[in-house]
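So the protein sequences, as listed, match chains A and B. Here numbering that gives the first Met the number 0 is used: the first residue of the first sequence is 0, the next is one more, and so on. Here numbering that gives the first Met the number 0 is used: the first residue of the second sequence is 0, the next is one more, and so on.
Certain hints may be false.
Claimed, not checked - Distance windows between CB atoms, simulated:
| id | chain 1 | residue 1 | chain 2 | residue 2 | range |
| --- | --- | --- | --- | --- | --- |
| 1 | A | L45 | B | E53 | 52 to 60 angstroms |
| 2 | A | K46 | B | I293 | 56 to 64 angstroms |
| 3 | B | K68 | A | E34 | 50 to 58 angstroms |
| 4 | B | L45 | A | D11 | 32 to 40 angstroms |
| 5 | B | L45 | A | A12 | 54 to 62 angstroms |
| 6 | B | N2 | A | K14 | 25 to 33 angstroms |
| 7 | A | I49 | B | I100 | 38 to 46 angstroms |
| 8 | B | E273 | A | Q13 | 27 to 35 angstroms |
| 9 | A | K14 | B | L14 | 22 to 30 angstroms |
What the hints assert, rightly or not - The calculated lysine to any residue pairs, modelled on SDA-like cross-linking and capped at a C-alpha distance of 25 angstroms, are:
| id | chain 1 | residue 1 | chain 2 | residue 2 |
| --- | --- | --- | --- | --- |
| 10 | B | K27 | B | D60 |
| 11 | B | K389 | A | D31 |
| 12 | B | K332 | A | Q18 |
Because the hints were derived from the structure by calculation, they are not lab data. We put the beta carbon where it would ideally sit given N, CA and C, even for glycine.
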Amino acid sequence: MVEKDSLKQDLDAQKLYYQETDLRNVNQILTDIKEAEASLNNFPDLKEEIPISIYDKGEIMDD
Amino acid sequence: MTNPAFLTATELSKLLKEKELSPVELTKNIFDRINQLNSSTKAYILPLKDSALEQARKAEDEIANGKYKGPLHGIPLGIKDNYETKDIETTGGSKVFENNIPEENAFSVDQLLDAGGIMIGKLNMHPLGGGLTGTNPAYGDAVNPWNTDYMPGSSSSGSATALGTGLATLTTGSDTFGSIRVPAAMSGIYGMKPTYGLISSTGLMPLAWSLDHAGPMTRSVADTALMLNYMAGYDPKDPLSLNVSVPDYTKDLNKDIKGIKIGIPTHFLKDLDEDIEKLFHQAVATLQDLGAEIKEVDIPELSLTTFAEYTTLISESSAYNYETLQEQAEAEKYAADPRAFFLAGSLINAPQYNKAQQARRKLVKAMKNALKDFDILLGPTIPLTTPPYKEDWMAQNLEVIRRSIPFTGVANSTGLPSFSVPMGLDSDGMPTGMQLIGNHLSEKLLFQIGSAWEKTNPLGNKTYENLDINQ
Chain A
0 MVEKDSLKQD LDAQKLYYQE TDLRNVNQIL TDIKEAEASL NNFPDLKEEI PISIYDKGEI
60 MDD
Chain B
0 MTNPAFLTAT ELSKLLKEKE LSPVELTKNI FDRINQLNSS TKAYILPLKD SALEQARKAE
60 DEIANGKYKG PLHGIPLGIK DNYETKDIET TGGSKVFENN IPEENAFSVD QLLDAGGIMI
120 GKLNMHPLGG GLTGTNPAYG DAVNPWNTDY MPGSSSSGSA TALGTGLATL TTGSDTFGSI
180 RVPAAMSGIY GMKPTYGLIS STGLMPLAWS LDHAGPMTRS VADTALMLNY MAGYDPKDPL
240 SLNVSVPDYT KDLNKDIKGI KIGIPTHFLK DLDEDIEKLF HQAVATLQDL GAEIKEVDIP
300 ELSLTTFAEY TTLISESSAY NYETLQEQAE AEKYAADPRA FFLAGSLINA PQYNKAQQAR
360 RKLVKAMKNA LKDFDILLGP TIPLTTPPYK EDWMAQNLEV IRRSIPFTGV ANSTGLPSFS
420 VPMGLDSDGM PTGMQLIGNH LSEKLLFQIG SAWEKTNPLG NKTYENLDIN Q
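Use the sequences and the hints to build the structure in full.
Right, here's the structure in full:
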């Protein structure tokens with residue numbers, strides 16, 4: 000559970016518009032992701048993976 | 000005799016080609032139904048009667064003059080409202096994009112129209128693709144054709160509703176975290192999320208660039224294959240488009256599936272509603288009877304799916320909408336569910352996003368490794384039965400997402416094709432679905448297996464035409 004005040008502070012810092020009722024929903028999404036993030040602990044070799052990136056294959060081939 | 004509004008494109012194309020049915024009569028029939036049902040079903044945001052009839056008259060002339068273009072000629076198409084359409088308002092189901100009039104058609108829309116398809120209108124959707132239920136505060140909540148108190152599944156909600164109520168023969172969908180396959184499962188239709196890059200993204204309003212997929216939604220396997228024939232293809236303007244040859248996906252639909260190896264990831268057997276578990280076990284037994292060799296397989300990396308998919312989804316969608324969220328007058332126009340996505344995405348940090356991409360690499364490797372031992376992987380499309388709409392629609396959307404993403408997100412995060420087919424009816428008489436996941440570019444095989452399954456008549460005696468709403 001992320002503190003409501005902390006959420007507000009982080010959104011205000013980015014000058015993002017929100018309504019009070021959004022905070023419950025934002026909190027729920029972040030909580031679901033935080034819980035899912037625990038799955039990373041089962042894969043200590045994750046650091047070895049190169050993140051997938053979007054790149055323009057056509058441009059590379061043209062070089 | 001079946002109302003033409005409920006015939007498949009494969010059936011209609013024979014009648015249209017032989018001039019036994021007029022494209023104009025067919026289009027008028029569809030608009031009679033739209034007049035009768037659209038206000039209660041909310042399938043379309045914008046029906047386009049005048050331009051559709053003009054296209055139908057042109058098709059009729061062409062066919063009469065021996066210029067038959069092929070099996071899409073004269074077929075009524077519904078276009079999801081996040082596909083750009085030239086000179087026609089394209090809102091993505093959101094007031095934020097009200098008055099957005101694109102100058103060009105999406106690449107895949109051009110492909111469908113060039114083949115002679117008739118654009119009936121722009122279909123309703125979950126605003127900006129931000130949900131899996133079907134609520135839309137701006138344009139109304141699309142309903143499930145099987146029971147209007149239930150959600151149709153989303154975000155391609157109008158696509159599913161239109162198919163089930165005979166308001167279109169073929170519809171386009173898009174799928175970032177299940178938006179083709181969830182409505183397919185909940186509304187008892189067929190939906191293909193193809194290999195990433197097989198269908199151009201040009202003109203598809205972005206939700207999350209690296210997860211977005213366009214795809215066909217239809218009432219039969221043959222129609223899904225037919226539609227993909229026209230939607231797939233290389234687009235030099237799209238850096239993500241695959242430059243590969245497109246096979247005829249309608250070939251091999253009558254091949255048997257004896258000896259086909261099917262793996263069932265144990266990940267897909269967790270958290271299932273009782274009816275889903277029962278129907279899935281029955282489906283597995285039926286596929287075995289058809290000659291498929293089926294066994295369970297443990298793929299531990301699938302536990303990474305929710306983190307990889309959800310983190311990527313909200314981060315990329317937040318980036319796309321970031322500046323708009325800083326302008327109160329515009330940000331107020333977002334529906335609450337996509338706005339929550341975008342706000343939450345702004346709070347994901349860079350290491351989390353990159354870890355999500357690392358997790359995707361692991362997922363891809365693990366899935367492709369499993370697909371060395373199996374031709375396809377199989378599981379329920381979603382673990383839950385179709386729910387009725389609840390008053391607290393926002394909380395319900397997040398709950399449906401939380402349960403569905405571990406199942407649907409696998410194919411988006413890896414770019415593997417996933418085909419959702421009806422699995423059977425639950426104890427409330429509502430449809431359920433299962434997904435066939437194959438290797439990259441294995442859509443033809445998925446259609447072959449889907450077709451063998453379709454012949455077992457998974458929805459029993461229920462036809463779309465005899466659903467209560469269509470009486």
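Which numbered hints fail: Checked against the structure, the hints that fail are numbers 2, 5, 6, 8 and 9, while the rest are satisfied.
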